[in-house]
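Enquirer: Sequence:
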Amino acid sequence: MTELSRRDFLKLTRDGFLYLSGAMVFVGFLRFLDYDPNPAPKTEFDLGSAESYPLGSRTVLAEIPAILTHTESGFSALSLVCTHLGCTVENDADGFACPCHNSRFDAEGRVTRGPAVERLTILRVEVTEDNHLILHTI
964 MTELSRRDFL KLTRDGFLYL SGAMVFVGFL RFLDYDPNPA PKTEFDLGSA
1014 ESYPLGSRTV LAEIPAILTH TESGFSALSL VCTHLGCTVE NDADGFACPC
1064 HNSRFDAEGR VTRGPAVERL TILRVEVTED NHLILHTI
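Start counting the sequence shown at 964; every next residue gets the next number (the working numbering).
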């Protein structure tokens, strides 16, 4: 085996770093092309045990946004997204109020004052065999 001169060693090191940085740029470019700027929103939420929501409770689920109601007839949920322009409505004494354009909804999600013309979306709540609640937004 021949001995590497200092010049050959430096060339080999430089070339190695150039190839390595080129590979890193190429991988970064591939990741850039694979990036999804608008990932699909989550449509199914595990709310935990049904015992966590006592009879007669109305629980605001801010991360969804929705409100979960437990009545004698079971569980129901309403979306807290205003049907006018998509703002998140707020709970008030008479039901729900949109802070963006002052639409009002009653406790069941029906429009009582516009500009919204459609009621709040009713969401499907599923009780699993192991007594867990699954909220479906679609």
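What the hints contain is simulated information worked out from the structure, not anything from laboratory work. Certain hints may be false.
[Unchecked claim] Have a look at the derived ranges for each label pair, beta carbon to beta carbon: (1) P1028 to F989: 40 to 46 Å; (2) R1082 to E1035: 51 to 57 Å; (3) D999 to E1035: 41 to 47 Å; (4) R1073 to E1035: 19 to 25 Å; (5) A1003 to D978: 56 to 62 Å; (6) V988 to E1092: 49 to 55 Å; (7) A1070 to N1094: 24 to 30 Å; (8) E1035 to E1089: 45 to 51 Å; (9) F992 to S1015: 25 to 31 Å; (10) V1090 to G991: 21 to 27 Å; (11) I1097 to A986: 51 to 57 Å.
Glycine is no exception: its CB is placed at the ideal position from the N, C-alpha and C atoms.
Enquirer: Look at each hint and say if it fits the structure.
Expert: Quick rundown of the hints versus the structure:
Remark: the range hint 40 to 46 Å for P1028 to F989 is upheld by a beta-carbon distance near 41 Å. At roughly 22 Å, the beta-carbon separation of R1082 and E1035 lies outside the given 51 to 57 Å, and the hint is violated. Take D999 and E1035: their Cβ atoms lie about 44 Å apart, and the range 41 to 47 Å holds. R1073 and E1035 have their C-beta atoms about 21 Å apart, which keeps the hinted 19 to 25 Å range intact.
In this structure the supplied range 56 to 62 Å is violated for A1003 paired with D978, their Cβ-Cβ distance being about 44 Å. A C-beta distance of roughly 51 Å is found between V988 and E1092, which places it inside the suggested range of 49 to 55 Å. Range check, A1070 to N1094: about 26 Å between beta-carbon atoms, so the 24 to 30 Å window is met. The hinted window of 45 to 51 Å between E1035 and E1089 is violated, with their beta carbons roughly 19 Å apart.
Judged by the Cβ atoms, the range 25 to 31 Å given for F992 and S1015 is violated: they are separated by roughly 47 Å. Our hint of 21 to 27 Å for V1090 and G991 is violated, since their Cβ atoms are close to 46 Å apart. One distance hint, 51 to 57 Å for the beta-carbon pair I1097 and A986, is violated here, with the actual separation near 44 Å.
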